[in-house]
Amino acid sequence: MKKLFGTKNMKKTTKDSFITYAMVILVFLIVQIMVGTGSMSSLLQGLLVPLCIYSIAAIGLNLCVGYLGELSLGHAGFMCVGAFSSAFFTKYMMDTGMNEILRFIIALIIGTLTAAFFGFLIGIPVLRLRGDYLAIVTLAFGEIIKNVMNVLYIVKDKDGLHFSMSDAASLNMAEEGTFLINGPKGIIGTPHQSTFTIGVILILVSLFVVYNLVNSRSGRAIMAIRDNRIAAESVGIPITKFKLMAFTLSAAIAGMGGVLYAHNLSTLTALPANFGYNMSIMLLVFVVLGGMGSFRGSIIAAVLLTMLPEVLRGLSDYRMLIYAVVLIAMMLFNWAPKAIEWRQRHSLKDMFTKKTKGVQ
Amino acid sequence: MKKAVSMLLIAAMVVSGLTACGSSSKKADDKFYIGGIGPTTGGAAIYGTAVKNAAQIAVDEINEAGGIDGHQIEYKFEDDQHDPEKSVNAYNTLKDWGMQILMGTVTSGPCVAVVDKTGQDNMFQVTPSASSTDVIVNGNVFQICFTDPNQGTASAQYIGDNKLASKVAVIYNSSDVYSSGITDKFLEEAKGQDFEVVATEAFTEDSKTDFSTQLKKAQDAGAEMVFLPIYYTEASVILKQADTMGYAPKFFGCDGLDGILDVENFDTSLAEGVMLLTPFAADAEDEATQDFVKKYKDAYGDTPNQFAADAYDAIYTIKAAIEEAGATPDMNVSDLCDALKEAMPNISIQGLTGGEEGLNWEATGEVIKQPKAVIIEKGAYVGM
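Protein chains in written order, with numbering that gives the first Met the number 0: chain A, 0 to 359; chain B, 0 to 383.
Since the hints were made in silico from the structure, they are not lab data.
Keep in mind it's a predicted model, so treat the numbers as computed, not measured.
No false leads were mixed into what you were given.
Derived contacts from chain A toward chain B, CB cut-off under 10 angstroms, selection only:
id, residue
1, Gly182
2, Lys184
3, Asn273
4, Asp316
We put the CB at the ideal spot given by N, CA and C, even for glycine.
With the rest of the complex left out, here is chain A:
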C-alpha cells in the first residue's frame, strides 16, 4: 500500500502537475523569506505582481494554443475586459464602505466572468469555422476592445450612472459626480489590492483548473479535436461544445490576470503597450518559448521574459538589444533540432542516472 504514494506509481500527468505546484510554492516561499529578511530590492518586489499577472495570462493562452490548437491573438483583449470590468466594479463600490476583501473577491469574479462571457460570444461563430479564422477575429477583438475603452465615459452622481461614447461634456453630470471611466484617461484611483500572495494563489487556482481539465475526459476530447478533427467527429465528440469550453476557460483565466493588473496600478488605461496586439503577441511568445502544452514552461518563460528587461536596466540603452538577442538565443536553444539533440546528450538527468539507464 505504501508504494501507492511513491512517485513511481503516480501517473505521469499527475506527477507533472505536482512538480509544477511544488515549483510555484517553492518560489513563493523563497520570495517570502527574502522579503521577510529584507534582502530583496524594491525593483523585484515591485515586479512580483506583474510576474504573476503574465504567468496567469500565459497559462490561459497555453490552454487555447497548446491544447485546443487554435491560435488566439486577442488574449490581451480578454485581459483588458477583465481589468476594466473589475476596476469599474471596485470604483463603483468604493464609497459604499463595503468590506475590502469581499469587494476584491467579487471584483475578481466579475472580471473573470466578463472575460469568459466575451470569449464565449466570440467563440460561438468563430470556433465553428476551420482554419485560422480565430486568430484573425481575436486580433480584431483585442483592438476593438482597446478602442472602445478609450471612448467610453461613465460617471456616477446622485442621479445614478451616466454613459457616453462621445465626450465627457455630453454626460450632463451633476456637480459632485465622479468619473468611473474617463475615456482615454481610463480608470484612475483603483485601490492597490493585488499582492504577491493573491497572485500566487490565483496561479495555483488556474493551474489546478487547467491540469484537471486537460487530464479529464473533456480534456482528452479537446486534444482529440486538436489532433484530428475528422476522427474526433466520427467517434461522436461534439466539436463546437468542447472547443467553446476550452476557449471560454482560456479567456476567463486571461481575464483573471487582467483583474490583478487593474488592482496593481492606480491608473488603468487601454494603451497599445498594455492591451494592444503587441501584448497578445508577447503572451504568445511566452507560450511558444515555454513549450506549447507545458504550463510550467509558460510560467517560467513569462517570469523570465518579464524580468529580463528590468534586470538589464544597468545596461541602459543596450538592454532592448540584448533582450532581443536573448529571445532569439532562447528560442534556438529550446526549439532548434540541433540544440534539442545537444540537450539530450548533455541532459542533467542522464548524468545522474547514467549507470542505471544504459544506452539510450
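Add chain B to chain A, keeping to what the hints say.
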C-alpha cells in the same frame, strides 16, 4: 527531463539577478540623489530624451558651481517606455539606487501610477511635463508645466480675446489623455467666448496617418481656424494634408506643437502662421535661453524643445526648494519631502519657461505662470 539544462540556466540567471539587485548601492551622505523617469525608447522617446539631456545640463551646471549649499547632486535617469507598469519598475529601480527626490515622470499616464507610489513613500516629486490634474492629488508633487485644463481654457480665451476667428474646428486625439483633456476644457470655455466651434473631429493612436476626413469636415463646416491640441508629429501630417487639399485655415495649437519645425522631411513653409501656446521658444533673445540652447546643441547636436526647458527648470526648482528649506542630504526621504513641500509655495524662480513673472506654486502643486503664445514666421517662433 529535457529542460533540465534550461532550468538550471534560468535558476542561475534569476539568482544572479536577485543578488545583483539585492546588494543596495553604497551611498555618499553628502550628495543629493535625484532620479529621473521618462520614455527614452518607444513612441514618446523624443520627450523623455529631451528631459534626460536637459536635466543633465542643469545638474552639471549646479555641480560645477559648487552644488546646492555645497552638496553635489547625483543624477540618474531611467526609461519607462511610456508605460505605467514600466514606470513603476523604473521608480523601484531608482529607489534601490538611493533616490531621494524624483524629477519625473515625463508623460501623464505613467505619472499617475508613479504618483501613487511616491505618495506612499512620501517622496518629493517635481514633474516637468506631466500635465494631467490627476498627478497633483497627494500634495507631494509639483508641476512645471500648465495643467491640461488650464491650457484648454487659456487657448479658448486667447482665441476669443484676440478675435482670431469666428468659426473654429477642433481635431484631437481621443485616445490621448493630454489631447482629450485640453479639448474638453476648450469646448467648455468656448461656449462663453465670442466664436463658434463648428466641428469637433477625433482620431486615435491607431489612425494617426490620414486626416483627410477630419480636414474635409472642418472645411465643409467653414472653419476659419483649426485648433490642434495634439503633438507635433501628427500636426505636421495635418498641415501637409491640408495644403494638398487646398485648405488654408489658421492653425492654433498648445505646447505639444512645439518642435514642429524640427520634423524631418517636413516643409517648414507649411507651418507659416501657425500659432501655439508654449512657455518656451528656443530662439528667444534672453541670455538664459541662449546659453541653454547653446549648451544643449553643443552636447547633443539638437535644438532643445519645451520639454527640455521644463526639465531644466525642474532641476533648478528642486535646488531653490532645497535652499529655501535648508535641507541636507542626510535627511531621510520622508523628512526631506515634508521640508520641501513646505518650501515650495514660498519660492519663485525665473527659469526658462517663467516668462516675465517667473514660476510660482500653489500648495497643491499647480504652477502659476503666464501663458505665452508664439506665431511661426519665416521658420522661427516669434512672440505674439
